[in-house]
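In case you want the letters, here they are:
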Amino acid sequence: AQSVSQHNHHVILSEAASLELGCNYSYGGTVNLFWYVQYPGQHLQLLLKYFSGDPLVKGIKGFEAEFIKSKFSFNLRKPSVQWSDTAEYFCAVGSGAAGNKLTFGGGTRVLVKP
Amino acid sequence: NAGVTQTPKFQVLKTGQSMTLQCAQDMNHNSMYWYRQDPGMGLRLIYYSASEGTTDKGEVPNGYNVSRLNKREFSLRLESAAPSQTSVYFCASSEALRASGINGELFFGEGSRLTVL
Chain U
208 AQSVSQHNHH VILSEAASLE LGCNYSYGGT VNLFWYVQYP GQHLQLLLKY
258 FSGDPLVKGI KGFEAEFIKS KFSFNLRKPS VQWSDTAEYF CAVGSGAAGN
308 KLTFGGGTRV LVKP
Chain C
45 NAGVTQTPKF QVLKTGQSMT LQCAQDMNHN SMYWYRQDPG MGLRLIYYSA
95 SEGTTDKGEV PNGYNVSRLN KREFSLRLES AAPSQTSVYF CASSEALRAS
145 GINGELFFGE GSRLTVL
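Taken in sequence, the protein lines are chains U and C.
Okay, so the first sequence: first residue is 208 according to this note's numbering, each after it adds one.
Okay, so the second sequence: first residue is 45 according to this note's numbering, each after it adds one.
Please note that the accuracy of each hint is not assured.
Said to hold, decoys possible - Calculated from the model, a selection of chain U residues having no Cβ within reach of chain C, i.e. all distances over 10 Å:
#, residue
1, Gln213
2, Leu220
3, Phe241
4, Glu271
5, Pro286
6, Asp292
7, Ala305
As the list claims (entries may be wrong) - Coverage of chain C stretches by chain U, computed from C-beta distances (three or more under 8 Å per stretch; other residues unrestricted):
#, segment
8, 75-86
9, 110-124
These aren't lab readings, by the way, just hints derived from the structure by calculation.
All values derive from a computational prediction rather than experimental measurement.
Heads up, the beta-carbon is just placed ideally off N, CA and C, and yes, glycines get one too.
In isolation and in its complexed conformation, chain U is listed as follows (with noise of 0.2 Å):
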């Protein structure tokens, strides 16, 4: 069975810093890989997804993400980051055959400082 790692369960930034969140899979076929955003009190909205092509995905808000197959990671970034960027990101992967049935990581929660 495949799983995902989110190595960071809360990240503290003050505004303008750069963020970079970690995710490494565990599956050795072909996978989708999408990160969700959920802000405070709402439901999960995607981010930014990776199914082939170019391996840097750039997604809504500023964000972006690398697929690294070599290091089964998908590590998302953003390099200047907003009071409104605060909410919970969640990395996701799909295998090939069953794309959209995701495996969700543990998340990790970003509070930014104004």
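Given the coordinates of chain U, work out where chain C should sit on it, guided by the hints.
For chain C alone, coordinates are given in the frame of chain U:
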């Protein structure tokens, strides 16, 4: 656009009571899913339905049953609620189980917070 709609949003049950969480999507999606969200554990798949008329177990199916009533609706039933089922439940849908690229995405409802005393 309503997207994915779940009811109820909040529910408190006593141990042993039963209840059904309702979910409906208006995006003509083929696949639907039920996840539970617990602190530090992310979202775990309970059951999913790849298409109308089919359902399959996910990672944590024990204590739950599902019904794919039609293409739009996918309900989750707790026959005899236990405190371990206290959680936030999310329904989601996607174009298809294997959809990728532009059509590869889960759309989530707003969640149902269930407390079992």
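Structure-based check of each hint:
1. With a closest Cβ-Cβ approach of about 8 Å to chain C, Gln213 (chain U) is found to fall inside the 10 Å limit, against its non-interface label.
2. At roughly 20 Å, the least C-beta separation between Leu220 (chain U) and chain C is larger than 10 Å, which holds for a residue marked as non-interface.
3. The claim that Phe241 (chain U) is not at the interface with chain C is violated, since a C-beta of that chain comes within 10 Å of its own (minimum 8 Å).
4. With 10 Å as the threshold on Cβ separation, the claim that Glu271 (chain U) sits away from chain C holds: the shortest Cβ distance comes to roughly 17 Å.
5. The beta carbon of Pro286 (chain U) sits about 25 Å from the closest Cβ of chain C, which is more than 10 Å, so the claim that it is off the interface holds.
6. The non-interface label for Asp292 (chain U) is consistent with chain C: the shortest C-beta to C-beta separation is roughly 19 Å, beyond 10 Å.
7. With a minimum CB-CB distance of about 5 Å to chain C, Ala305 (chain U) fails to clear the 10 Å threshold, and the non-interface call is violated.
8. Interface restraint, the segment 75-86 of chain C with chain U: holds (6 residues with C-beta to C-beta distance below 8 Å; minimum three).
9. Judged by the Cβ-Cβ criterion of 8 Å, the segment 110-124 of chain C is not covered by chain U as claimed, because only 0 of its residues qualify and three are needed.
When the structure is compared with the earlier hints, violations turn up for hints 1, 3, 7, 9 and for no others.
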